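A.B. asks: From first to last, the protein sequence lines are chains A and B. To get this note's numbering, take the position in the first sequence, counting from 1, and add 1333. To get this note's numbering, take the position in the second sequence, counting from 1, and add 8.
No lab work stands behind these hints: they were computed from the structure. Be a bit skeptical, because a hint or two may be false.
[Unchecked claim] Partial pick of chain B residues on the chain A-facing surface, computed with a CB cut under 10 Å: (1) Q14; (2) Y45; (3) G51; (4) S103; (5) V111.
[Stated by the list, open to error] Simulated pairs of lysine-lysine, DSSO-like, Cα-Cα distance not exceeding 30 Å: (6) B/K24 <-> A/K1390; (7) A/K1348 <-> B/K24; (8) A/K1344 <-> B/K46; (9) A/K1348 <-> A/K1390.
[As the list claims (entries may be wrong)] If you only want the chain A side, here are some residues facing chain B, beta carbon under 7 Å, derived: (10) E1353; (11) G1375; (12) L1376; (13) F1378; (14) F1398; (15) F1442; (16) P1444; (17) G1445.
Because the structure is a prediction, the values reported are computed rather than measured. Where is the CB? At the ideal position from N, CA and C, for every residue including glycine.
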Amino acid sequence: GAGVSQSPSNKVTEKGKDVELRCDPISGHTALYWYRQRLGQGLEFLIYFQGNSAPDKSGLPSDRFSAERTGESVSTLTIQRTQQEDSAVYLCASSLVLGRVGSGNEQFFGPGTRLTVL
Amino acid sequence: AQKVTQAQTEISVVEKEDVTLDCVYETRDTTYYLFWYKQPPSGELVFLIRRNSFDEQNEISGRYSWNFQKSTSSFNFTITASQVVDSAVYFCALSGQGAQKLVFGQGTRLTINP
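Bound-form chain B, shown alone (with noise of 0.2 Å):
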C-alpha cells in the first residue's frame, strides 16, 4: 500500500523566515512519483512540482526548493525567505506507475506572520 506522511500538521513562522516541510512516502513500486501541491485560503490546489523516482537530482525554483532522497523515502520541501503569500496549506502526494490515483498526506498548514 502507499502513503503519505507530513507530520508537521501546522507551521507557523515570521516573515522572511526559512521553512522546511516534511514529508516521509511508502510505496513498493520501483517507478513512482512524488508531487508538492499548494492549497490557498481560497480552496483550488495549484501544482507546484513533480519528481520521478529515478531522478534524484534536487530542483531550486526561485525562493522554493525540494529535496528528494530515496535512502529515506523523504520528499522535502523548503521556502527561503518566506512572504505572507506562501501562506497556504501545503499538501505531499504519491503516484506509482500504473495506478493513477494521488495519494495525499494530511497536508501541513504553513502560517507566515508579517
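For reference, chain A alone in the conformation it holds in the complex (with noise of 0.2 Å):
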C-alpha cells in the first residue's frame, strides 16, 4: 500500500517569501505528524494532527508557522515571511491509534520535503 507522501521534494525560496509544505498520510491514519531536521541533526517535533485538530503545536519555533489538516487526510504546514534558519527537512508521520495503552504510536515518515531559503 502506499506510504506518507510529501510534496513538494525539494523547495528553494527567497528569504520573505511564503512556503507551503503538503503531506498526505497512510490512508485511514489518524494521527498526523510534523517533524523539522537541521543538518546533521536530530528531529524536532513541530506540530501533532488527532483528526483535524491539533492537541499540541508546543514544537511550532514562531507564529510564522501555522498547520492544517482537513477531512482526517491531507496537512499542509505553512511558513511565512521564510528565514534563513528555516532550511531544513521538514519530515511528516502518520500513525494509526493514538495514545492507547499498548498500541506504542509507532509512526511512519514520508520521504520529507527539503527547504532552502536563500
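Please assemble the complex out of the two chains, which come individually in their own frames, going by the hints.
C.D. replies: Now the structure itself:
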C-alpha cells in the first residue's frame, strides 16, 4: 500500500517569501505529525493532529509557522516570511492509533521536503 | 521533560564486526515507549523496533538485537556481523503515554567499511 507522501520534495525560496508544504498520510491513519530536521541534527517535533484538531502545537518555533489538516487526511504546513534558519528537511509522519496503552504510537515517515531559504 | 541521549555521534567499523549503539533516556512517565529508526542516505526514516516500558524482554531480529534496561534507562541496539548496507544514521526515540510526539536523540552515524 501507499506510504506517507510529501510534496514538493525540494523547495528553494527567497527570504521573506511564504511556502506551503504538503503531507498525504497513510489512508486511515488518524494521527499526523510534523517534524523538522536541520542538517546533521535529530528530529524536532513541530505539531501533531488527531483527526483535524491539533492538540499539541508546542513545537512550532514561531507564529510564522502554522499547519492545518482537512478531511482527516491531507495536511499543509505553512511558513510565512521565511528566514534562512528555516532551511531544513520537514518530515511528516502518520500513525494508526493514538495514545492507547500498548499501541505504542508507531509512526511512519514520509520522504520529507528539503527547504532551502536563500 | 523527556530527553534522549545518543552519546556516540559517529561510529566506523569494518564489515562483519559487531557494533552497539547506545541510547539513554529520561522520562517521568511510568508508561512510555522506546523506538529505533534507521535513516539511510536516501533520507527516509525506517522504523526498526518499538518497546513498551512494561516489557523489558530483550528482542532479536536477525542480525539486530535490542537490550532494554529500565534500571539504567538504556535501550541499546546491537548489530551483529555488520554489513555495508547497515551504514546509516540511527535514531533512538521516546514517546510518553498521552504525549504523542516522539522525542529523538541526535542520532549516531554508523559507517560500515568493506
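A.B. asks: With a cut-off of 30 Å on the C-alpha distance, tell me whether A/K1344 and B/K46 pass.
C.D. replies: 24 Å, holds
A.B. asks: Would you check whether A/F1398 satisfies its interface hint, that is, whether its CB is within less than 7 Å of any CB in chain B?
C.D. replies: For A/F1398, the interface hint is violated, since the closest Cβ of chain B sits about 15 Å away, which is over 7 Å.
A.B. asks: Could you check if B/S103 really has its C-beta closer than 10 Å to a C-beta on chain A?
C.D. replies: 5 Å, holds
A.B. asks: Are A/L1376 and chain B close enough, Cβ to Cβ, to be under 7 Å, as the hint says?
C.D. replies: Cβ of A/L1376 sits 4 Å from chain B, so the hint holds.
A.B. asks: Would you settle whether the hint for B/G51 is holds or violated, based on the nearest Cβ-Cβ distance to chain A being less than 10 Å?
C.D. replies: Holds - the Cβ of B/G51 comes within 10 Å of chain A, reaching about 6 Å at its closest.
A.B. asks: Do the numbers back the hint for A/F1442, that is, is its least Cβ distance to chain B under 7 Å?
C.D. replies: 4 Å, holds
A.B. asks: Keeping to a limit of 30 Å between CA atoms, is the pair of B/K24 and A/K1390 held or broken?
C.D. replies: Distance ~44 Å between B/K24 and A/K1390 Cα, so the pair is violated.
A.B. asks: Given the hint that A/K1348 pairs with B/K24, test it: the Cα-Cα distance must not exceed 30 Å.
C.D. replies: 47 Å, violated
A.B. asks: Given a cut of 7 Å on the nearest C-beta pair, is the interface hint for A/F1378 held or broken against chain B?
C.D. replies: 4 Å, holds
A.B. asks: If you draw a straight line from the CA of A/K1348 to the CA of A/K1390, is it 30 Å or shorter?
C.D. replies: At roughly 24 Å apart (the allowed maximum being 30 Å), A/K1390 and A/K1348 satisfy the hint.
A.B. asks: Restraint: A/G1445 near chain B, CB-CB cut 7 Å. Satisfied or not?
C.D. replies: This interface hint holds because 6 Å falls under the 7 Å limit.
A.B. asks: Was the hint right that A/P1444 lines chain B, CB cutoff 7 Å?
C.D. replies: At about 5 Å, which falls below the 7 Å cut-off, the nearest Cβ of chain B leaves the hint on A/P1444 intact, so it holds.
Of the numbered hints stated above, those contradicted by the structure are hints 6, 7, 10, 14, listed in ascending order.
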